[in-house]
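Protein sequences, first through last, are from chains A and B. Reading the first sequence from the start, the letters are residues 1 to 304 in my numbering. Reading the second sequence from the start, the letters are residues 1 to 183 in my numbering.
There's no promise every hint is true.
[To be verified] Chain B regions said to be covered by chain A (calculated; three or more residues, Cβ under 8 Å): (1) 6-14; (2) 50-56; (3) 68-80; (4) 126-134; (5) 137-150.
Read the hints as simulated data drawn from the structure, not as lab findings. Where a beta carbon is used, it is the ideal one built from N, C-alpha and C, also for glycine.
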Amino acid sequence: MTIATLTKPWQAFSYGFLDASAKRELRRKMLKAIAVPGCQMPYASREVPMARGWGTGGLQVTLTLLKPSSVVKVIDQGADDSVNAASIRSFLSKVSGAAETWDTLAATLIQSRHRIPEERLRADQVLVLQVPNPEPLRPVEPNMSVARQMHADADYGRLWLILYEQIVRSGRIMQGASYPALVNGRHVMTPSPIPRWDLPKLHMAQHLTFLSAGREKRLYAVPPFTRVEPLVFSDVPYKVEDHAALTCHRSGVAGYFMNEIPQDGGGSVFELSDSHLGIKAIRRRDGEDVALGATWYENGKMPR
Amino acid sequence: MTQLAAVPVPDAFEIRTNATFEALMLALSRPGSAHSLPAPGMAGLAETLLDRECQVFCDDPALAEICAGFGAALVPAARADHLFLSLDTPEGLALLEQAPVGSALYPDAGATVIASARLGAGQRLRLTGPGIETFTDIELGDLAPGLWPLRAARCRYPAGFDLFLICEGRVIGLPRSTTIEVL
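Just need the whole structure built from these sequences, with the hints factored in.
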């Protein structure tokens, strides 16, 4: 082995933007992440043409998986058409030739900021969640070496203490997003700032989920059919947001996670957070032949 | 905004390694299920995973030369992060026993072990754990009988090694999170 034999012929552009050595490093770490569900694996986190903190971790995992036959969906808080989602999606397709879609059913690869689609993901789909802070222990232990030791010891008592203090102060658990969850009965992970509504979708799911934090240089995974149990007290059950009775003012659909839109005069109306589900529901209402997939929540309830 | 002149097209190397990794990823996330590799044999896995950052042990000298060609350092089994072993012999098992398993503090230091096996014939095994809804039964042959007790002794979750078994053009993954019951 010499430098000459390791050197590849000059190319104007690496397919999928990342160079081959970056992809190999990510692949090795992604395999380790699958082997130890919920355990944060360090990785190098290369430069991508986007500021850290805007989804660079998710982007690197997606770029590693991309191939020309991929169909990519990118969502930002449920919306396919926000600037962040549209820019990432067009970048992914530009550097790989992969097709773009807004439809959860058509996608093979879904990169998401802070929502899991309402339609059930299938075994042939991969979900990539962007993670700003991958360390569930950070609020209780800022020293990351000590936090690592706590993960090694499965020493998670202080996370329950946070939840307990919220109950004492406010009468209920106030943790709205990033709700800590025990994965495979061993490691506590933060599921990225998805709402409480979305966390049960990861439990014993059909699909593989990667969670990747580019700024923090760590990634972790939830393989299919893996237990993901939110931390709760035996007498205080896990509660999702109280959105089951809300109706989307545009599509008329009820029973899903909603965005609240304040109105002049103090009231508010609601619309579906999963924007493309809303679009499909409106088209269907208007008589188009549009397929809506099976959803995780049925009539506002997650079947057990 | 500047546009790329053309739609990027992956070269043969990129197509091969992307497909190999996808097979490895699916195999590891659904333990016991067989997935097709673009090319039979272990060299494709080496090409997909190894470079100058890796420390490799191969008991096959020809494969060791291929791995070294990708820039990986050839090291003794006890220091390797990727091991290519023949697990049908007691000597192979002795080497596997030396494979690093990491620790609860650093689970990522556990090795990736790649070996040949026969799928669909031989010892019946029942797998449970992440990636498996209830349980799955598989049959694996051409492996030394001491392998499964050795794996159970070495893989103290979250420490352990992750096993890829290759049968011609197919691969199955057995991550450390899988519990294997010998039937």
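Taking the hints in turn, this is what the structure says about them:
Counting residues of the stretch 6-14 of chain B whose CB lies closer than 8 Å to any CB of chain A gives 7, which reaches the minimum of 3, so the coverage claim holds. Under a criterion of three residues with beta carbons nearer than 8 Å to beta carbons of chain A, the stated coverage of the stretch 50-56 of chain B is upheld, 5 such residues being counted. Counting residues of the stretch 68-80 of chain B whose beta carbon lies closer than 8 Å to any beta carbon of chain A gives 4, which meets the minimum of three for the stated coverage. Only when three residues or more bring their CB closer than 8 Å to a CB of chain A does the claim for the stretch 126-134 of chain B stand; here the count is 5, and the claim holds.
Under the rule that three or more residues need a Cβ within less than 8 Å of chain A, the assignment of the stretch 137-150 of chain B is violated, with 0 such residues.
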